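Number of protein chains: 2
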Amino acid sequence: MDDEQGALPGKEDFSAWYNELLWRAGIMDVRYPVKGLYVWFPFGFALRRNVYGALRALLDVDHEEALFPLLIPETELARESEHIKGFEDEVYWVTHGGTSPLDVKLALRPTSECAIYPMYHLWVRSHADLPLRLYQVVNSFRYETKHTRPLIRLREITSFKEAHTVHASWEDAECQVAEAIRLYQSFYDSLSIPVIISKRPDWDKFPGADYTIAVDTIMPDGRTLQVGTVHHLGDHFSKTFSITYEDVNGEQQFACQTCYGISERCIAALISMHGDDRGLVLPPSVAPVQVVIVPITIGRRKEEVTAAAEDIGQCLTAAGIRVKVDSRDLRPGAKYYYWEMRGVPLRLEVGPRDIDSGQVTVVTRLGDKSTIPRAGLEDGVCAALAGFASALTGRAMEHIRAHIRVVQNIGELSAAVGRGVAIVPWCGKKECADFIGESTNASVLGTEIRSAFVPECRGPCAACGEEGTGALVGRAY
Amino acid sequence: MDDEQGALPGKEDFSAWYNELLWRAGIMDVRYPVKGLYVWFPFGFALRRNVYGALRALLDVDHEEALFPLLIPETELARESEHIKGFEDEVYWVTHGGTSPLDVKLALRPTSECAIYPMYHLWVRSHADLPLRLYQVVNSFRYETKHTRPLIRLREITSFKEAHTVHASWEDAECQVAEAIRLYQSFYDSLSIPVIISKRPDWDKFPGADYTIAVDTIMPDGRTLQVGTVHHLGDHFSKTFSITYEDVNGEQQFACQTCYGISERCIAALISMHGDDRGLVLPPSVAPVQVVIVPITIGRRKEEVTAAAEDIGQCLTAAGIRVKVDSRDLRPGAKYYYWEMRGVPLRLEVGPRDIDSGQVTVVTRLGDKSTIPRAGLEDGVCAALAGFASALTGRAMEHIRAHIRVVQNIGELSAAVGRGVAIVPWCGKKECADFIGESTNASVLGTEIRSAFVPECRGPCAACGEEGTGALVGRAY
Numbered sequence: 001m002d003d004e005q006g007a008l009p010g011k012e013d014f015s016a017w018y019n020e021l022l023w024r025a026g027i028m029d030v031r032y033p034v035k036g037l038y039v040w041f042p043f044g045f046a047l048r049r050n051v052y053g054a055l056r057a058l059l060d061v062d063h064e065e066a067l068f069p070l071l072i073p074e075t076e077l078a079r080e081s082e083h084i085k086g087f088e089d090e091v092y093w094v095t096h097g098g099t100s101p102l103d104v105k106l107a108l109r110p111t112s113e114c115a116i117y118p119m120y121h122l123w124v125r126s127h128a129d130l131p132l133r134l135y136q137v138v139n140s141f142r143y144e145t146k147h148t149r150p151l152i153r154l155r156e157i158t159s160f161k162e163a164h165t166v167h168a169s170w171e172d173a174e175c176q177v178a179e180a181i182r183l184y185q186s187f188y189d190s191l192s193i194p195v196i197i198s199k200r201p202d203w204d205k206f207p208g209a210d211y212t213i214a215v216d217t218i219m220p221d222g223r224t225l226q227v228g229t230v231h232h233l234g235d236h237f238s239k240t241f242s243i244t245y246e247d248v249n250g251e252q253q254f255a256c257q258t259c260y261g262i263s264e265r266c267i268a269a270l271i272s273m274h275g276d277d278r279g280l281v282l283p284p285s286v287a288p289v290q291v292v293i294v295p296i297t298i299g300r301r302k303e304e305v306t307a308a309a310e311d312i313g314q315c316l317t318a319a320g321i322r323v324k325v326d327s328r329d330l331r332p333g334a335k336y337y338y339w340e341m342r343g344v345p346l347r348l349e350v351g352p353r354d355i356d357s358g359q360v361t362v363v364t365r366l367g368d369k370s371t372i373p374r375a376g377l378e379d380g381v382c383a384a385l386a387g388f389a390s391a392l393t394g395r396a397m398e399h400i401r402a403h404i405r406v407v408q409n410i411g412e413l414s415a416a417v418g419r420g421v422a423i424v425p426w427c428g429k430k431e432c433a434d435f436i437g438e439s440t441n442a443s444v445l446g447t448e449i450r451s452a453f454v455p456e457c458r459g460p461c462a463a464c465g466e467e468g469t470g471a472l473v474g475r476a477y
Numbered sequence: 001m002d003d004e005q006g007a008l009p010g011k012e013d014f015s016a017w018y019n020e021l022l023w024r025a026g027i028m029d030v031r032y033p034v035k036g037l038y039v040w041f042p043f044g045f046a047l048r049r050n051v052y053g054a055l056r057a058l059l060d061v062d063h064e065e066a067l068f069p070l071l072i073p074e075t076e077l078a079r080e081s082e083h084i085k086g087f088e089d090e091v092y093w094v095t096h097g098g099t100s101p102l103d104v105k106l107a108l109r110p111t112s113e114c115a116i117y118p119m120y121h122l123w124v125r126s127h128a129d130l131p132l133r134l135y136q137v138v139n140s141f142r143y144e145t146k147h148t149r150p151l152i153r154l155r156e157i158t159s160f161k162e163a164h165t166v167h168a169s170w171e172d173a174e175c176q177v178a179e180a181i182r183l184y185q186s187f188y189d190s191l192s193i194p195v196i197i198s199k200r201p202d203w204d205k206f207p208g209a210d211y212t213i214a215v216d217t218i219m220p221d222g223r224t225l226q227v228g229t230v231h232h233l234g235d236h237f238s239k240t241f242s243i244t245y246e247d248v249n250g251e252q253q254f255a256c257q258t259c260y261g262i263s264e265r266c267i268a269a270l271i272s273m274h275g276d277d278r279g280l281v282l283p284p285s286v287a288p289v290q291v292v293i294v295p296i297t298i299g300r301r302k303e304e305v306t307a308a309a310e311d312i313g314q315c316l317t318a319a320g321i322r323v324k325v326d327s328r329d330l331r332p333g334a335k336y337y338y339w340e341m342r343g344v345p346l347r348l349e350v351g352p353r354d355i356d357s358g359q360v361t362v363v364t365r366l367g368d369k370s371t372i373p374r375a376g377l378e379d380g381v382c383a384a385l386a387g388f389a390s391a392l393t394g395r396a397m398e399h400i401r402a403h404i405r406v407v408q409n410i411g412e413l414s415a416a417v418g419r420g421v422a423i424v425p426w427c428g429k430k431e432c433a434d435f436i437g438e439s440t441n442a443s444v445l446g447t448e449i450r451s452a453f454v455p456e457c458r459g460p461c462a463a464c465g466e467e468g469t470g471a472l473v474g475r476a477y
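These protein sequences, in sequence, are chains A and B. With the working numbering as the guide, the letters of the first sequence map in order to residues 1 to 477. With the working numbering as the guide, the letters of the second sequence map in order to residues 1 to 477.
Read the hints as simulated data drawn from the structure, not as lab findings. Hints are supplied without guarantee of correctness; some may be wrong.
No copy labels: a pair is met if it fits in one copy or bridges any two.
[Said to hold, decoys possible] Listed next, the in silico DSS-like pairs over lysine-lysine satisfying Cα-Cα at most 30 Å (straight line): (1) Lys369 / Lys105; (2) Lys239 / Lys35; (3) Lys199 / Lys430; (4) Lys105 / Lys35; (5) Lys324 / Lys369; (6) Lys324 / Lys335; (7) Lys324 / Lys429; (8) Lys146 / Lys85; (9) Lys35 / Lys146; (10) Lys11 / Lys429.
Only a predicted model underlies this, so the values are computations on that prediction, with no experimental measurement involved.
With these hints in hand, go ahead and build the complete structure from the sequences.
So this is what it looks like as structure tokens:
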């Protein structure tokens, strides 16, 4: 909770910048005495509340929130064979209660299919029960052996939003996949984070799924970060867990299912996409403090200025804006530094001259300075917040545009993936993907790409020369 | 998720009533395949959201929310010797990641002192950092060997709100204890749940605390339920975890601490205190649906009635009331049954006659029927909700009053504890408490009782006859 002064490492040294920023901005403390487990500071947690509040609001339109247990008996986890194969190396096992060994080992959920679907088996009876759309926001666990990193690769994922839906047919489930993608797109739009949607290659799909659609964004260093996935589960799990319903003709049918998830990686993307060398830059939609008011109290009119700042704070609070009046006994420059580090979208400076001229000086976190008349300040601030959000979106779009290249062959691809992602024609064969991956030290991440920045792409496969379509290639976190 | 018809067991058979109600009202499913772990249905979860929203709002005034890891290394958990002794029989241990044994076993937090205080050691430096007041809402775990019961005795406590504060002196921490009690009192007042505050006997205090203040309520069967605890930790943990600060004179001092918690037992109390033979009865402050509108569409004016119901629904929603218009194709009686089971405070009936007379029929969940003019309906409904909340509080006070007896000797005590709790003079000695407990099949729960229904009590100890003061005696869940 110290607030040390001094410059951050430059964002061009992304890893150093990211780690230092998490600490300095009060997001996370990495000093917890177990590798891969981190502590949310209050400011970070306030940001998390707002981000997950936005996600819940989107889901609550036609989903309901529920809560299932953390502990999954080994017997349930092992029921779907592909699924357990996908997770068995990274499951944490509870083997003892007190000093007694348990009869059946309990897994800490890596994801909740095997906790939820035994209940769906009991709950789903008739076509009238469908579609069923539930979600939960929970902690989940992976015994990561790779290098861990706060918010990105964790052993306790503290904020896993997972939705699980049940439908009467494969086609209904496919419509839900489309709907989930639309939801996730809206969510990331609200955070000013442009994303690239693609279908993961078959060998990279979720264990037990028919197919997986992934949501990726591009980090400052050009690597991709998977920030959401949507899985069409077909009837794999419904056959394993006997999730059946009586159709309109009175026949028992296996249901089809989807599931889709977002973890706190959404917050890693938020921080990384918008932050700069002075700290966080937060979209107004989720910033814990949207406006900070700094009284400029030099000279004799200190009380008058402080009162004016308080008054403005109350007006803006009444207008539903999250405001902080910083009346601490510090020089203004120290306050600017403090709130810039925490990404506050707008700073209002109130000094004697502002009072005399009936206005307030506004400085955005991107450095744009203007004045707003005191009369009508609420509207002016709302407009400035909206303008700031647009500017952030524009800046982020520019970042993505600058880090996507459409290329035609391995040589161009190698040059491009060092600086971002590339789209290259690929025939769809695993051995060609392997060749592309090995030649470029990257991976084929997906096909059927949906992004405003990616034109339709066809051509000879970069590996074998056979007819191919555009594949997303990059280095992933 | 079935909605079976038929009567609940009567509330006088509390255990049967409680279990059946949790299922029928859509609070919890007890069929998860591990003992002591339960599933929150969406309606139950919506209630939980509102209850914990109210608790957070109270805490957020001068606490901040944070989040600490679930997994505590054995080495940290073992540092405070009394503390580990108090929990070692009921800790779940993670011993393996994938197929590899872990170097250091990890406990699932039974409570978070040993996860949080190593961080407080790092965070607290100076008197200027104090007081520090944080809380978190998390799942925590106890390997219960006793009979488990949903929301009351769980292996996964899904909703543990725990606050942990740090202060410069023992006296400052004592003030925080008083403040925490005030907060908890306000919280339970907002749920119309009267509580009894008392100081637990020394042998029942929290492991590692100087003393423990408990918040109890009385269940329908006369047994007590502990629904909150506040602990003065003195400097036990700060000495163990080296939580020190530099005082104004530049000297290093050990800090003093408190912690206080509320689990989903608050929801067990809410359900049990107010529910009746027809189902839940919920205070408007936390009811997921505050008002249900049932169109009475018999005969030819169906469209007009449906439109009027929708219109009323929109008006009330705009006024900030949580409203549901039940337009399902069911007879009104089935709808009444459904929403009564779910505890909805007010039912508005809208039929042709109501439309003609410019009014709406209102029936409270306690059965009071009246009419409110359509003009000014919003104010009328708000007043009816407030009146309903008062009625609930009055009813609950009456329940508590009827289940507390002040008695003077073992004979009277034995008769009284069968029907509720009793206050009896006790000298403070452990052997006398044991004698009282054995003679009455109950326990001495606390002293220094604070309750509107308990007068000051002194007299000869019911066991030894020496001078004593009032002790709370009852059978606890």
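If the cut is 30 Å between Cα atoms, do Lys105 and Lys35 qualify within a copy, between copies, both or neither? Cα proximity of Lys105 and Lys35: in one copy and across copies (23 Å, 13 Å).
Could you place Lys324 and Lys335 in one of the four classes (within, between, both, neither) given a Cα distance threshold of 30 Å?
Classified as within: same-chain Cα gap 12 Å, cross-chain 47 Å, threshold 30 Å.
**Asked** Quick one: Lys11 to Lys429, C-alpha cut-off 30 Å, is that within a copy, between copies, both, or neither?
**Response** Close neither inside one copy (38 Å) nor across copies (66 Å); limit 30 Å.
Alpha-carbon proximity between Lys369 and Lys105, which holds within one copy, between copies, both or neither at 30 Å: For Lys369 and Lys105, the Cα distance exceeds 30 Å both inside one copy (61 Å) and across copies (55 Å).
### Query
With identical chains treated as interchangeable, where does the CA-CA distance between Lys324 and Lys429 reach 30 Å or less: within a copy, between copies, both, or neither?
neither (56 Å within a copy, 54 Å between copies)
Please work out whether the CA atoms of Lys199 and Lys430 approach to 30 Å or closer within one copy, between two copies, in both situations, or in neither? within (15 Å within a copy, 69 Å between copies)
| Within, between, both or neither: Lys146, Lys85 at alpha-carbon 30 Å | This pair counts as within: shortest intra-copy Cα distance 18 Å, inter-copy 36 Å.
Can you give me the call for Lys324 and Lys369, within, between, both or neither, at a CA distance of at most 30 Å? The answer is within: 19 Å in one copy meets 30 Å, while 47 Å across copies does not.
| request: Have a look at Lys35 and Lys146 and pick one of within, between, both or neither, based on CA distance no larger than 30 Å. | output: within (11 Å within a copy, 34 Å between copies)
Check: Taking 30 Å as the upper bound on the Cα-Cα distance, should Lys239 and Lys35 be classified as within, between, both, or neither?
Finding: between (38 Å within a copy, 25 Å between copies)
In this structure, the earlier hints numbered 1, 7 and 10 are contradicted, and the remaining ones agree with it.
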